[in-house]
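Asks: Sequences and hints are given; from them, build the entire structure.
Position one of the sequence shown corresponds to residue 144 (our numbering), numbered consecutively onward.
Just so you know, these hints were derived from the structure itself, not from any lab. Predicted, not measured: the structure shown is a model, and the values here were computed from it. You may find that some hints are simply not true.
Per label pair, the in silico range of CB-to-CB distance [as the list claims (entries may be wrong)]: (1) 144 <-> 297: 20 to 28 Å; (2) 236 <-> 289: 15 to 23 Å; (3) 183 <-> 281: 34 to 42 Å; (4) 287 <-> 187: 45 to 53 Å; (5) 269 <-> 219: 41 to 49 Å; (6) 291 <-> 165: 46 to 54 Å.
Straight line, CA to CA, 25 Å or less: simulated SDA-like cross-link-like pairs of lysine to any residue [what the hints assert, rightly or not]: (7) 287 <-> 276; (8) 287 <-> 301; (9) 287 <-> 298; (10) 287 <-> 263; (11) 287 <-> 277; (12) 287 <-> 299; (13) 287 <-> 297; (14) 287 <-> 273; (15) 287 <-> 300; (16) 287 <-> 303; (17) 287 <-> 304.
Quick reminder that beta carbons are idealized off the backbone N, C-alpha and C, glycines included.
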Amino acid sequence: PWALLACLIHEAGHTAAICLLGGRVGAFRLSIIGAEIVPARARLFSYPEELLITAAGPLVSIGAATLFAYAASHFHSEGAFLFAGLNLVAGVFNLIPAGPLDGGRLLKLILLQVCSLDRAEQIGRLVTTLFASALLMTGVWHMKQLGGNITLILTALWRLAGMRGNRGN
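Replies: Shown next, in the form of structure tokens:
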């Protein structure tokens with residue numbers, strides 16, 4: 144339940160940014176490859192606004208982590224430390240520049256300032272493939288050498304599954 148709450152806080156950051164910029168949330172999609180907030184298309188956002196909306200989720204997660212870490216140290220609460228850690232992981236993980244994470248979207252939005260949409264998507268797919276491949280190799284090595292769990296392998300497959308269609312950038 145705490146991990147789900149950390150995810151909801153992250154998505155609330157995106158939602159707040161959309162609303163502050165005068166937009167509306169059209170849909171909330173939850174799938175095996177993550178959550179996605181889809182703005183209503185009554186208002187189109189500029190690239191800088193899209194950057195703000197995309198960055199808002201990780202920023203709110205990292206802010207919540209900071210707040211709960213402070214509260215945990217002040218009140219000596221293990222539960223608050225755990226919740227701070229979950230928020231920190233949600234924020235930092237989502238900044239990885241691989242699709243369909245927020246970091247992959249941020250990379251694409253930044254690239255669109257200097258190159259074409261096709262080129263930005265091509266670079267996004269390449270970065271995502273390299274990230275997922277490295278994660279997959281690390282997971283296989285970890286399983287073979289250390290007898291670890293399959294979390295890294297599943298995460299790599301999740302990233303690769305997220306690339307279906309144009310969602311990988």
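Asks: Take the hints in turn and mark each one as holding or not.
Replies: The hints, checked one at a time:
A hinted range of 20 to 28 Å holds for the C-beta pair residue 144 and residue 297, which are about 21 Å apart. Checked against the hint of 15 to 23 Å, the C-beta distance between residue 236 and residue 289 comes to roughly 22 Å, which is consistent with it. Between residue 183 and residue 281, the C-beta spacing of about 40 Å keeps the proposed range 34 to 42 Å intact. Distance hint check for residue 287 and residue 187: the Cβ-Cβ separation is about 49 Å, which falls inside the suggested range of 45 to 53 Å.
A C-beta distance of roughly 47 Å is found between residue 269 and residue 219, which places it inside the suggested range of 41 to 49 Å. As the Cβ distance of residue 291 to residue 165 is approximately 47 Å, the hint placing it in 46 to 54 Å holds. Straight-line distance between C-alpha atoms of residue 287 and residue 276 comes to about 16 Å, which keeps the hinted pair within the 25 Å bound. Using a Cα cut-off of 25 Å, the hinted pair residue 287 and residue 301 holds, with the two alpha carbons roughly 20 Å apart.
With a C-alpha separation of about 17 Å, the suggested pair residue 287 and residue 298 falls inside the 25 Å cut-off, and the hint holds. Of the pairs offered as hints, the one joining residue 287 and residue 263 is violated, with about 36 Å between alpha carbons and a cut-off of 25 Å exceeded. Our distance criterion of 25 Å between C-alpha atoms is met by residue 287 and residue 277, whose separation comes to about 15 Å. A hinted pair counts as satisfied when its Cα atoms are at most 25 Å apart, and residue 287 with residue 299 qualifies at roughly 16 Å.
Our distance criterion of 25 Å between C-alpha atoms is met by residue 287 and residue 297, whose separation comes to about 15 Å. Note on residue 287 and residue 273: the hinted pairing holds, with a Cα-Cα distance of about 21 Å set against a maximum of 25 Å. Pair hint residue 287 plus residue 300 holds up; C-alpha atoms about 18 Å apart against a cutoff of 25 Å. The straight-line distance between the Cα atoms of residue 287 and residue 303 is roughly 22 Å, inside the 25 Å bound, and the hint therefore holds.
The hinted pair formed by residue 287 and residue 304 meets the criterion: a straight-line CA distance of about 24 Å does not exceed 25 Å.
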